[in-house]
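Undergrad: Please model the complete structure; the sequences and the hints are all you need to start from.
Here are the chains, one letter per residue:
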Amino acid sequence: MLIMQTNSWIPLFPEQASSFAWQVDYLYFYLILVSVGFTIPIVAAIFFFIVKFREREKYATPDEIHGSMVLETVWSIIPFVISMTIFLGGAVVYYTQYRMPDDAMNVYVVGKQWMWKIQHETGQREINELHVPVGRKVKLTMTTEDVLHDFSIPAFRTKADVVPGRFTYLWFEATKPGKYHLFCAEYCGLNHSGMVGYVYVMEQKDYENWLQGNVTGQTPVEQGRDLFENKLGCASCHSGGPQQRGAKLEGIYGKEVSLVGGQKVVADDEYLRNSILNPGAQVVEGYQPIMPTFKGQVTEEQLLSLVAYIKSLSGVTATGTPASAPPSPVSSGTDAGSGNTQGGGK
Amino acid sequence: MQEVSAISGNSVPADEPKLNYINNGHTLKSWLLTKDHKRIALMYLVSVSAFFLMGGIYAGFIRLELLTPASDLLETATYNKVFTQHGILMVFFFLIPAIPAILGNFLLPLMIGAKDLALPRINLLSLYIYWIGGIITLWALMQGGVDTGWTFYTPYSTTFSNSYVMAVGIGVFINGFSSILTGLNFIVSIHTMRAPGMTWFRLPLFVWAHYATSLVMILGTPVVAITILLVAIERFARIGIFDPAIGGDPILFQHLFWFYSHPAVYIMILPGMGVISEVIAGFSRKRIFGYEFVAFSSIAIAVFGFLVWGHHMFVSGQSIFAGLVFSFLSMVVAVPSAIKTFNWTATMYKGSISYDTPMLYAIGFLGLFLIGGLTGLFLGSVGLTVHLTDTYFVVAHFHYVMVGGQVIAYLAGIHYWWPKMTGRMYSEFWGKISAMLIFVGFNLTFFPQFILGYMGMPRRYASYPEELQVLNIFSTAGASVLGFGLVMPVVYLIHSLFYGKKAADNPWMHPGLEWRTSSPPPTENFKEMPVVTWEAYDFGEESGLDLEDARKREAVTI
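If you read the protein sequences in the order shown, they are chains A and B. So that you can map any letter, position 76 of the first sequence is 59 in the working numbering, and since no number is skipped, the others follow by simple counting. So that you can map any letter, position 558 of the second sequence is 1480 in the working numbering, and since no number is skipped, the others follow by simple counting.
Calculated directly from the structure, the hints in this document are not laboratory data. One or more of the hints may lead you astray.
[To be verified] Examples of chain A residues toward chain B, derived with CB under 8 Å:
(1) 39
(2) 73
(3) 137
(4) 142
(5) 234
[As the list claims (entries may be wrong)] In silico EDC-like cross-links for lysine to aspartate or glutamate, where the CA-CA straight-line distance does not exceed 20 Å:
(6) A/159 - A/191
(7) B/1272 - A/47
(8) A/41 - B/1464
(9) A/41 - B/1460
(10) A/41 - B/1350
(11) B/1272 - A/40
(12) A/41 - B/1476
(13) A/41 - B/1468
(14) A/278 - B/1171
(15) B/1474 - A/40
Note that the coordinates shown come from a computational prediction; the quantities given were computed from them, not determined experimentally. All C-beta atoms, glycine included, are put in the ideal place defined by N, C-alpha and C.
TA: Written out as structure tokens, the structure is:
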């Protein structure tokens, strides 16, 4: 078994299997060192004092010592300085853990009471399992259909809450093939402790074999295009050239866009997501607030696919100045009744 | 100095019981309508102990369930309710009121030389509010309980949980006003009721600690009340505040909740620090080392405690920048606690240390609080805490602070002032045994959980991977020792009420004003208004203690 490989009877230390796991462990060892460094002298002093200065005469009146400015200064500054080294060490590691790399392969995660639904860029779907290749950066884009969850992989020394109504991200680069625990670490109701699974880290060729054996259905981008062009009818407004009524989406991702009212906002995942669910909130300058909300009509997985598709449009077409929208108030068809195409998980 | 009666303190009580606050009225009405802070404190003692017992039984079930990896002893749904209710009862109905409402209520007026708190009726009102909040909560638990975790995170608590969330919420909401009124009462009393000569820097550090606690109580508690109100508005009126499905933000709830609940951690630990200052100084017969530093570190903890709530949310999706700021501030708030620990240790230097039961508890506190505080640094270090958040490391850490700190300090305080509160001495032998059992049992219970946490075992799990069982068995075994140790004081303290040796007015020959009246004190606390002419923690004859006389008496009794 590869589970938390351990040879000792009492496991004391988890498997180390991600590129930054050693940094977290060094920080841990440093803190243990600091703790021992404080505990031993203090406990030794306490024992020395209670023995050496034990009561020799009932109700004695030892000489008063009021305190010492020098000592107080010393034992304020030393802990402060040490705590700052701990802070800085933690800050560096945190930055590594939580700053998302640009060159990672994408995996999409949707939490749901009480399972993890996972989709790969290449279309594979899994539940409560995540297969990743060793030595490649993997970025998870995560959300949830219901309550808070937390995607936690102790062997990778990282976790992040999964929050309804928004995307959160997690990245890692696995360094060692194996099977590692996946936990939901944020309490999510009845079967919280059953919302567990495994992350399988595989050698590149094993991973490719796995991919071969599991191609099912569309990739997120293909699925997003299908929703965009057919199922949800987004294309009826968001494509068609200079006269289109909806904002031009080609090349929009990652760019700063001007909104009605003069604000500017960067068109990131969160903005795209919000614009689908709550289109009236941040309308791109030059367009009318005519788009209906898709809240309740798209699932979290479909949202992830739509955002993936819109992202894929960027860079393909050069950014142009959007023409002003003609005022014809034809509503776009929302063909949500056809349900999702995703098969798995629901 | 002559104004102070009963100054030598060690006069052996006469056979005829003197009129004191306990025998001054025997009817139920004389208790229920009392304005005497000492009687109110005793009623708090009984009520808070009942909640502690219930919370402890829940804890026992948690440890029994975790003896095996599978969820087998309890159904998962029951387990979820058990840990939730353990948390709610312990936090809101035991840890927060324990020291302030029992020891604070009893001792604060005595220590500052007052007849009562400034607002005696408000004090009684706070007890009734505590009862009402407690009864509503108990009613909700009996109806079916609540399964949200004591943190009530949204949207689970607002939209998904079918348990009695709102009833418990109302119980906690009401109970909050009890804290607010107690805090208000303490602040007013410390400002206006000090006896002549009792200057700010002659106050016992117990009083300083309660002053700091009261500040947090009156500034922080309204926020949790507002938060619960917002949850109620969302649940009943469907106005989107926390639920993203209707336009709310679940993270906002966490901000509001921790804006109270982190300072609430200091409501729980600061009074304990006050007790420890008294006990260590007393049983070392030494003025506390660096009095001003210990006093102001309490205030510093209270103030900085309001600025670190975000360290509960490092993995919640808050920005990297917010994470760094909260990590930095959490490191800063660790410094005053370190200062206190150093000063307590230095107080023992060249003292005259006796190993009475309260002192054993206090020494235990130093060790456990040290570990609790240092592991706080692990959790404040943001890169490390991404791995540790929501694991058993966190559970172990806060139990080291809350049980190893607060509960041990509370027991130290109860043993230290028991002779004053009841007029009886308990068995020193059993006292020492229980102090040591609790120390051993506690460490055996919670130390393995640090390792479990680093292994990645998530908290609030009814089942867990099999390779983690051995450490869980240690923990459960420790819990049974701890539980046994905690039952012992209940037995020998109650025994002492009936069969204990009568306590002298000043059994330890300590200089605090509370020891300069009879044991138990009369209803009006002091026969004459005390006038303070000595500095705090003056254990010598200059403060009016007749030590020669006490030594002679000691020789006679032996």
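Undergrad: Does the structure break any of the earlier hints, and which numbers would those be?
TA: 5
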